Amino acid sequence: MRVNRLAWLARCATLAICACALTLSSMGSMASMSSVASMASMSRAQPASPSGVKPAASAGSPVYVVPLRGAVGPATAHFVTHGIEQARRAGAQLVVIEMDTPGGLDRSMRDIIQAILASPVPVATFVSPSGARAASAGAYILYASHIAAMAPGTNVGAASPVSIGIGGPRGGDHGARGDRDASAPAGGSGEDTMTRKQMHDAAAYIRGLAQLRQRNAEWAERAVREAVSLPASEAVDQHVADLMAPDLPALLRQLDGREVEAAGAQRVLRTADAPVVATEPDWRARLLAVITDPSVALILMMIGIYALIFEFSTPGMVAPGIVGAICLLLGLFALQMLPVNYAGLALVALGIGCMVAEIFLPTLGVLGVGGAVAFAIGAVMLIDTDVPGFGIPLSIIAMLVLASVAFMFLMSALVLRTRRRPVVSGGDTIVGRTGLVIADAKVGDDGWASVGGEQWRVRSGTPLARGQSVRVTARDGLVLDVVAID
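In terms of mature numbering (1 follows the signal peptide of the UniProt record, and there is no 0), the sequence shown is residues -31 to -1, 1 to 455.
It should be emphasised that the hints constitute simulated quantities derived from the structure, not laboratory data. Predicted, not measured: the structure shown is a model, and the values here were computed from it. Be careful, since some hints might not be right.
To be verified - Quick list of the computed label-pair ranges, beta carbon to beta carbon:
(1) Met286 - Gly421: 25 to 33 Å
(2) Trp252 - Tyr311: 30 to 38 Å
(3) Gln305 - Ala367: 20 to 28 Å
(4) Ile399 - Gly436: 16 to 24 Å
(5) Gln305 - Phe281: 18 to 26 Å
(6) Phe378 - Pro432: 49 to 57 Å
(7) Val292 - Ala219: 47 to 55 Å
(8) Gln305 - Leu383: 28 to 36 Å
(9) Pro98 - Val335: 55 to 63 Å
(10) Met286 - Ser381: 15 to 23 Å
(11) Asp415 - Leu333: 46 to 54 Å
(12) Leu383 - Thr431: 42 to 50 Å
(13) Gly39 - Val246: 15 to 23 Å
(14) Asp251 - Gln305: 19 to 27 Å
Just so it is clear, CB atoms sit at the ideal spot from N, CA and C, and this is done for glycine as well.
Whole structure, please, built from the sequences with the hints as guidance.
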């Protein structure tokens, strides 16, 4: 009874930890959303300079450099928006985003653009070094910036939206997630309604940014509809970019004395001799970059589920339950930030459920095989984007399937071994045990014997003598039927 109570206490503690962690996660998300909103409102609340007044930045005002490398995702958006806010608090005169990206997620791209548009500090996006690109989402960010600069040998464009995962473009309320990607051409004459809606929305969005910054709106729309690209020199000639510079010092020299409007105020940059502050991702950005990797998110979710199953199968260990709860919540937190295909997620859940059921039900492997197949298909479909860096490699999926099958066999072996053990509680456990008679008894009379450290009333078909060894053959309530051993 004490073991059962401890087991149930362990299970209740695990569930309580899950509930508390989920509550804290929700509160943290709400708090972060509130902080972002307050940051944006603070940025918009910056007083504009009176008409005709052009404040000049002092030469001592720093220039903040924020690198943007690789695919644009939740971690990138957090790092860039945090860098812009950090520059605002430090009184910087300019933020330079050094960019080299193949594209990224729509929601993350829009978070960065909204931070740029609301920033009272001018933002210059610099596509560098030579050989870098501002493709897809990068083209939108370049257009949204107050200053668009490119290094020789770089290119910009190919801004067509794509939402063609295994399951195709998602229907329904796509605005609920907003996670489309902008990575490659969407394709031709067979576009369905959702694809056309995404195309028109993306074209209008980049055209609005081009008009806001007085850049080439016609070419911007072509970059979306036709996925065209331009090298740096042609981008400057066609007013897609503002200037070319071989490196950051040359860019700052060219920007010295330039007038820029930010948050409704005209500013004169003094960047020739300005101190440069290079920003680096903090521990939160690094952690977010790790857990929002789709492969890591799926692995965390799998570890969490299997650890909880192990905890509930062998209650009392506590540690697997705590580790499982933490991993499961981290995995779910990461997935809610990614463009998840819900059909794929349902298949993953179905596959895990079937493999778990195989542990406890004698289906001769039918549920296990079906679950492994469903899990593999669901994992392939899980991330609904073609953006480089946001897919789950087939090697990872194969490894997870093999690990799931191994876990299924391990747990099945543990369950079978448990079933084969003798009963250790209840009335039947005393049958077959031996004891010593502690009080003489005649035939037909009840005597007393010590069995398993307890005193029991016993009866036998033969006389029993004190100190005689007996074996229990049956139990009738509180009376044991015994036979003499010698």
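Here is how each hint holds up against the structure:
no.	hint	verdict
1	Met286 - Gly421: 25 to 33 Å	28 Å, holds
2	Trp252 - Tyr311: 30 to 38 Å	32 Å, holds
3	Gln305 - Ala367: 20 to 28 Å	26 Å, holds
4	Ile399 - Gly436: 16 to 24 Å	20 Å, holds
5	Gln305 - Phe281: 18 to 26 Å	25 Å, holds
6	Phe378 - Pro432: 49 to 57 Å	55 Å, holds
7	Val292 - Ala219: 47 to 55 Å	52 Å, holds
8	Gln305 - Leu383: 28 to 36 Å	33 Å, holds
9	Pro98 - Val335: 55 to 63 Å	57 Å, holds
10	Met286 - Ser381: 15 to 23 Å	19 Å, holds
11	Asp415 - Leu333: 46 to 54 Å	51 Å, holds
12	Leu383 - Thr431: 42 to 50 Å	45 Å, holds
13	Gly39 - Val246: 15 to 23 Å	22 Å, holds
14	Asp251 - Gln305: 19 to 27 Å	22 Å, holds
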